[in-house]
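*Asks:* Here is how the chains run, residue by residue.
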Amino acid sequence: MVSTRPAPELPPTRTSPRLSLPKAPAGTVYRGHEGMWSWVLHRITGVGIFFFLLVHIMDTALVRVSPQVYDGVIATYKNPIMGLGEMALVAAIVFHAFNGLRIILIDFWSFGTKHQRAMFWTVIVLWVVVMAGFVPRQLITIIEEFPR
Amino acid sequence: MTLTVADTRLNPTVKHRPAAGFSTITLIIRRYNPEIDAEPYWRDYDVDVLPTDRILDALHTIKWEQDGSLTFRRSCAHGVCGSDAMRINGRNRLACKTLVKDLDPSKPIYVEAIKGLPLEKDLVVDMEPFFAAFRQVQPFLQSSTPPPAGRERLQSAEERERFDDTTKCILCAACTTSCPVFWTDGQYFGPAAIVNAHRFIFDSRDEAADVRLDILNDREGVWRCRTTFNCTEACPRGIQITKAISEVKAATIRGPQRVKVA
Chain A
0 MVSTRPAPEL PPTRTSPRLS LPKAPAGTVY RGHEGMWSWV LHRITGVGIF FFLLVHIMDT
60 ALVRVSPQVY DGVIATYKNP IMGLGEMALV AAIVFHAFNG LRIILIDFWS FGTKHQRAMF
120 WTVIVLWVVV MAGFVPRQLI TIIEEFPR
Chain B
0 MTLTVADTRL NPTVKHRPAA GFSTITLIIR RYNPEIDAEP YWRDYDVDVL PTDRILDALH
60 TIKWEQDGSL TFRRSCAHGV CGSDAMRING RNRLACKTLV KDLDPSKPIY VEAIKGLPLE
120 KDLVVDMEPF FAAFRQVQPF LQSSTPPPAG RERLQSAEER ERFDDTTKCI LCAACTTSCP
180 VFWTDGQYFG PAAIVNAHRF IFDSRDEAAD VRLDILNDRE GVWRCRTTFN CTEACPRGIQ
240 ITKAISEVKA ATIRGPQRVK VA
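Chains A and B supply the protein sequences, listed in that same order.
Counted from 1, the first sequence has number 112 at position 113 by numbering that gives the first Met the number 0; the numbering is strictly sequential.
Counted from 1, the second sequence has number 26 at position 27 by numbering that gives the first Met the number 0; the numbering is strictly sequential.
There's no promise every hint is true.
[As the list claims (entries may be wrong)] Simulated pairs of lysine-lysine, DSSO-like, Cα-Cα distance not exceeding 30 Å:
| # | chain 1 | residue 1 | chain 2 | residue 2 |
| --- | --- | --- | --- | --- |
| 1 | B | K106 | B | K96 |
| 2 | B | K62 | B | K114 |
| 3 | B | K96 | B | K120 |
| 4 | B | K62 | B | K14 |
| 5 | B | K106 | B | K167 |
| 6 | B | K14 | B | K100 |
| 7 | A | K113 | B | K259 |
| 8 | A | K113 | B | K96 |
| 9 | B | K120 | B | K62 |
| 10 | B | K259 | B | K167 |
| 11 | B | K106 | B | K62 |
| 12 | A | K113 | B | K167 |
| 13 | B | K114 | A | K113 |
| 14 | B | K167 | B | K96 |
| 15 | A | K113 | B | K100 |
By construction, these hints were calculated from the structure, which means they are not laboratory data.
Here the structure is a predicted model, which means the values were calculated and not measured.
Build out the structure end to end from the sequences listed, making use of the hints.
*Replies:* So, in structure tokens, the structure goes:
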């Protein structure tokens with residue numbers, strides 16, 4: 000026979016929560032390894048580079064409209080903030096380029112999937128080497144071009 | 000009256016002490032009852048476990064001794080049937096193959112349903128979209144030629160070895176639901192379907208490789224794979240899934256016979 004009585008109320012397990020439970024009803028962030036984070040970085044740098052190219056094509060196209068307007072727009076770029084922006088742009092392009100080669104190797108070299116992790120760290124080392132050469136030079140340029 | 004494990008937990012004045020060899024761990028589980036809750040919420044449970052206990056044992060203890068409404072799937076409980084894939088501490092695993100000692104028992108252990116499939120209740124998701132993708136790749140041997148008279152279709156050890164890795168799949172969906180592409184694009188076939196296509200595409204006895212490659216050579220097919228390797232790392236059977244997907248990618252370009260084996 001099936002009981003129709005409602006189930007008894009259970010007493011609360013504890014009166015006050017001892018630990019803070021996650022607020023977000025959505026799940027936790029997936030804890031992927033090098034492969035997942037390299038893909039996230041590749042996406043972010045890719046979208047960033049796209050927006051740079053969009054602006055870059057538009058300002059270059061201004062030459063056809065009027066060389067004076069073009070010069071005016073380019074002149075507004077000559078400030079330290081754009082100098083730092085250039086640094087971020089180079090950082091994004093260098094990562095995207097090296098990681099792009101890694102992805103091509105994963106897809107087309109039969110040992111690519113086996114060595115993807117080593118290739119990721121190679122990408123990071125190459126990125127650090129290139130940036131170590133570029134960043135000091137760029138900083139010197141920024142400081143020399145824009146004395147206070 | 001004797002106090003049971005559950006009783007000591009209900010009474011905050013009684014200090015709970017686990018039995019010898021056991022330790023108390025905290026599980027934080029993402030609960031959801033579609034008939035009551037507007038959205039999922041997190042709830043914590045203390046469980047006494049041995050270091051060699053599995054997360055499935057802890058879930059059983061909660062269900063049997065603390066909260067019978069906790070809902071999850073499990074069948075064989077020995078890593079063969081693939082029923083209890085769930086996200087444990089941020090990674091997809093089988094609850095029945097994850098030992099407490101392999102996690103960090105001093106911190107709370109987060110348990111939630113696998114992502115990307117419709118959540119039905121607590122740790123149970125609707126697996127139908129997953130199986131629909133599996134069926135679409137025609138995961139069965141197809142041959143238009145009859146077997147040699149009086150005997151089965153023979154295959155050399157090397158020919159069998161070619162697709163051995165992808166025969167291990169138990170369809171637990173840990174790979175497909177670890178894939179960032181699948182989370183945002185439910186139309187993508189997903190790693191498991193491609194693994195099972197690989198199992199027949201590279202089988203020397205099968206004659207329908209072209210059909211399967213045609214199905215997978217699609218916007219939502221193998222080319223959706225962005226090689227994040229989450230699937231390979233999530234697979235409880237240790238299948239080199241991203242490698243298998245890469246081989247299927249190469250087969251759509253060159254044909255299965257000309258794909259180099261690494």
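*Asks:* For every hint, state whether the structure bears it out.
*Replies:* Taking the hints in turn, this is what the structure says about them:
Distance hint between K106 of chain B and K96 of chain B is fulfilled; the C-alpha atoms sit about 19 Å from each other, no more than 30 Å. A C-alpha spacing of about 22 Å is found between K62 of chain B and K114 of chain B, which places the hinted pair at or below 30 Å, so the restraint holds. Annotation: proposed proximity of K96 of chain B to K120 of chain B holds, straight-line Cα distance about 22 Å (limit 30 Å). The suggested pairing of K62 of chain B with K14 of chain B holds, with an alpha-carbon distance near 22 Å, which does not exceed 30 Å.
Restraint check for K106 of chain B and K167 of chain B: the C-alpha separation of about 33 Å exceeds 30 Å, so the hint is violated. For a cut-off of 30 Å, the pair hint linking K14 of chain B to K100 of chain B stands: about 24 Å separates their Cα positions. At roughly 14 Å between alpha-carbon atoms, K113 of chain A and K259 of chain B fall within 30 Å of each other, so this suggested pair holds. Proximity of K113 of chain A to K96 of chain B is assessed by CA-CA distance (about 25 Å); at most 30 Å being required, the pair is judged to hold.
With a CA separation close to 14 Å, the supplied pair K120 of chain B and K62 of chain B stays within the 30 Å bound. Between K259 of chain B and K167 of chain B the CA atoms are separated by roughly 21 Å; this keeps the pair inside 30 Å, and the hint holds. For a cut-off of 30 Å, the pair hint linking K106 of chain B to K62 of chain B stands: about 21 Å separates their Cα positions. As the CA atoms of K113 of chain A and K167 of chain B are separated by approximately 19 Å, the hinted pair is consistent with the 30 Å bound.
For the given pair, K114 of chain B sits about 26 Å from K113 of chain A by alpha-carbon distance, which is consistent with the 30 Å threshold. Using a Cα cut-off of 30 Å, the hinted pair K167 of chain B and K96 of chain B holds, with the two alpha carbons roughly 16 Å apart. A hinted pair counts as satisfied when its Cα atoms are at most 30 Å apart, and K113 of chain A with K100 of chain B qualifies at roughly 28 Å.
Violated hints amount to a single one, hint 5; each of the other numbered hints is respected by the structure.
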